[in-house]
Amino acid sequence: MTFENPVFLYLLGPVFILCLLGAFLKSNFIPRIKYPLPKGVRIKVSPLFAFAKWLPYMLIVAALVLIIIALARPQKQGKAVIPPAKGIDIMMTVDTSGSMSALDFQPNRMGAAKQAVLDFIDKRATDRIGVVVFADSAMLQCPLTLDYFAIEEYVKMIHIGMLKSPGGTAIGDAIAVSTLHLKDSPTKSKIIVLVTDGESNTGTLDPLSAAKAANGYGIKIYTIAISGEGLIQQPIQTSLGTRKITFKADDVGEGLLKEIATISGGEFFRARNNAELNEIYKTIDQLEKTEFEKAIQVNFEDVYQKYLVWALILLVCSFILEKFVFIEVP
Amino acid sequence: MQTSDILKRVRQIEFKTGKLVRETFAGEYLSVFKGQGIEFAEVRQYIAGDDIRSIDWNVSARTGNTYVKKFNEERELSVIIACDVSASQYFGSKGNLKSEAAIELASVFAFSAIKNNDKVGLLLFSDKVELYIPPRKGKRHVLRIIRELLAFEPKRKKTDISLALSSLIRLIKRQGILLFISDFLDENYEKPFKLAARKFDLIPVIIKDPLEFDFPKLSAFIQIEDTESDNGGVLSGSSLRQISQARAEVLEKALNLFKLSGVDYINIDTSKNTLDPVIKFFKQRSGKLGI
Chain A
-1 MTFENPVFLY LLGPVFILCL LGAFLKSNFI PRIKYPLPKG VRIKVSPLFA FAKWLPYMLI
59 VAALVLIIIA LARPQKQGKA VIPPAKGIDI MMTVDTSGSM SALDFQPNRM GAAKQAVLDF
119 IDKRATDRIG VVVFADSAML QCPLTLDYFA IEEYVKMIHI GMLKSPGGTA IGDAIAVSTL
179 HLKDSPTKSK IIVLVTDGES NTGTLDPLSA AKAANGYGIK IYTIAISGEG LIQQPIQTSL
239 GTRKITFKAD DVGEGLLKEI ATISGGEFFR ARNNAELNEI YKTIDQLEKT EFEKAIQVNF
299 EDVYQKYLVW ALILLVCSFI LEKFVFIEVP
Chain B
192 MQTSDILKRV RQIEFKTGKL VRETFAGEYL SVFKGQGIEF AEVRQYIAGD DIRSIDWNVS
252 ARTGNTYVKK FNEERELSVI IACDVSASQY FGSKGNLKSE AAIELASVFA FSAIKNNDKV
312 GLLLFSDKVE LYIPPRKGKR HVLRIIRELL AFEPKRKKTD ISLALSSLIR LIKRQGILLF
372 ISDFLDENYE KPFKLAARKF DLIPVIIKDP LEFDFPKLSA FIQIEDTESD NGGVLSGSSL
432 RQISQARAEV LEKALNLFKL SGVDYINIDT SKNTLDPVIK FFKQRSGKLG I
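Chains as they are written, first to last, in the working numbering: chain A, -1 to 328; chain B, 192 to 482.
There's no promise every hint is true.
Unchecked claim - Negatives, chain A to chain B, calculated, CB over 10 Å:
#1 Met(-1)
#2 Leu16
#3 Arg122
#4 Asp204
#5 Ile234
Claimed, not checked - Below, in silico cross-link-like pairs of lysine-lysine (DSSO-like), each with a Cα-Cα straight-line distance of 27 Å or less:
#6 Lys32(A) to Lys348(B)
#7 Lys444(B) to Lys349(B)
#8 Lys24(A) to Lys408(B)
#9 Lys385(B) to Lys450(B)
#10 Lys154(A) to Lys242(A)
#11 Lys310(B) to Lys330(B)
#12 Lys463(B) to Lys51(A)
#13 Lys444(B) to Lys32(A)
#14 Lys32(A) to Lys408(B)
#15 Lys37(A) to Lys310(B)
#16 Lys390(B) to Lys32(A)
#17 Lys280(A) to Lys210(A)
#18 Lys390(B) to Lys450(B)
#19 Lys382(B) to Lys37(A)
#20 Lys37(A) to Lys346(B)
#21 Lys408(B) to Lys42(A)
To be verified - Computed footprint of chain A on chain B; a stretch qualifies when at least three of its residues, placed anywhere within it, have a C-beta under 8 Å from a C-beta of chain A:
#22 404 to 417
#23 460 to 474
Quick caveat, the hints were computed from the structure, so don't treat them as lab data. Keep in mind the model is a prediction, meaning the values are calculated, not measured. For every residue, glycine included, the Cβ atom is placed at its ideal position computed from N, Cα and C.
Starting from the given sequences, assemble the full structure and let the hints guide the process.
Below is the structure:
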């Protein structure tokens, strides 16, 4: 809690002195009815009175302190709101080719990638995020937006084969589509996080050219290759039901992905399991940290009413006690 | 009080008490307070209607005419008004202050006395003798006494009845009437009281206020302080009972002493008419004397 006019708090000093003075006067100069007492009669002050005498006074003092605090205008800091333009733009580009159903990740490559993307989105606060999915062609799944709830919904909808043919991996097209939707953004920092599990084998655009184009627009591309090691199982739908096939892990075209990263000024990562994948997203999150401090705008909420209300309650209590409960004569 | 106020008040008292003194008390006073005796004044010729018992046979025989003896009552009485001016007298809940009632009463007696050619003296006391005016005759003197009663500012607060009485016994050589006005809120004055009762025609006047005996029960904290000392505090139910009980005891004690000393007293309540008890007193006394 902060005070808008802390100068008024200095009033507590005089109030304190006044209180002491009041207490001194109250205990030393008591108005009394002169009354002829027979000799030998002694009147004692009852303990109830000793207490009752000070209670209304103390309530008034407390009310006064609260009023002074209210006068100093106490404020509560509201939530920091950062203007959207200050964040960066991130395009999450996710491979939805058939091979993403391989079981070397939990629950499979697709699931792991989706979960990692969701976790990543969770950590960002002020960046516009979009989603592009691709297989042998690329499609904008969700445009750049700050509506994280919507983004998450769109990410959850991603599944293998959502594009017409799940066969190929058009990395060039994916980069191009992502670049297309990033390039007009006024934001200084723009990145693409590309997740794939295979070599670029189709598409109308050469991945390297696309990467160069992206770089031309000031877009960094982080590439993540997801693929386990050794033998990998993959369910395949046939007319007779689901059948698992086993194949040997390949190098997922690491060379190409590395080159894309290098050209655009990003980085290449290799994920062999869920843990590594999560780690990679964390690293990217760290690398693309948005500086908050300068962009903080704090909303202040005045809370003096609460103090005034309590002061009023105390005053009323004091009045009631003094005038109706502990009546003192004269 | 300013001098003009005091004079105004003196006139008021004079006017108020004047009628009473002229009418109600005129005869009563004279008969109630008898002189020391009778003294021979002269002989004069018998007039039809004279008491045959007053015929002076010696003179009648010598002169051959009927002569009667004429006597004058010796009325060189002095009335001493002793008035309590301690702080407890400056109290009153309804009507008069105790001191005001005292002044009114003293004035009536002073005017009555002067009307009958008696001397009037004044003694004001607290726990010392504050003022003493020796008995003298004359209207001017009475007015001075009333002025002193009204304007006097006592130096002390407390009451010492014993000292006042013994001072009076010492000061006044001749017998006389002693009107002793006080609230009798004091102790240990029995012995000088009895002495004074023997020496003077002592008339104690008790002045009391109803609030002294019965404090209304309020559901409040009442701060009170003794008029004559620093004793004070907050009245609670128990201290209230204690006070009224103690006050009643003080009164009882005083009344017992009056009875024991065989004096007639006047009991004045500030909330009621001051002079009614005086009239009652005169009636009672004349009844006692068989007049």
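Hints, one by one, checked against the model:
no.	hint	in the structure
1	Met(-1)	40 Å, holds
2	Leu16	23 Å, holds
3	Arg122	69 Å, holds
4	Asp204	99 Å, holds
5	Ile234	95 Å, holds
6	Lys32(A) to Lys348(B)	12 Å, holds
7	Lys444(B) to Lys349(B)	19 Å, holds
8	Lys24(A) to Lys408(B)	25 Å, holds
9	Lys385(B) to Lys450(B)	11 Å, holds
10	Lys154(A) to Lys242(A)	25 Å, holds
11	Lys310(B) to Lys330(B)	10 Å, holds
12	Lys463(B) to Lys51(A)	37 Å, violated
13	Lys444(B) to Lys32(A)	24 Å, holds
14	Lys32(A) to Lys408(B)	17 Å, holds
15	Lys37(A) to Lys310(B)	36 Å, violated
16	Lys390(B) to Lys32(A)	36 Å, violated
17	Lys280(A) to Lys210(A)	26 Å, holds
18	Lys390(B) to Lys450(B)	16 Å, holds
19	Lys382(B) to Lys37(A)	19 Å, holds
20	Lys37(A) to Lys346(B)	20 Å, holds
21	Lys408(B) to Lys42(A)	18 Å, holds
22	404 to 417	holds (count 9)
23	460 to 474	violated (count 0)
The structure fails hints 12, 15, 16 and 23 (numbered hints given earlier, in ascending order).
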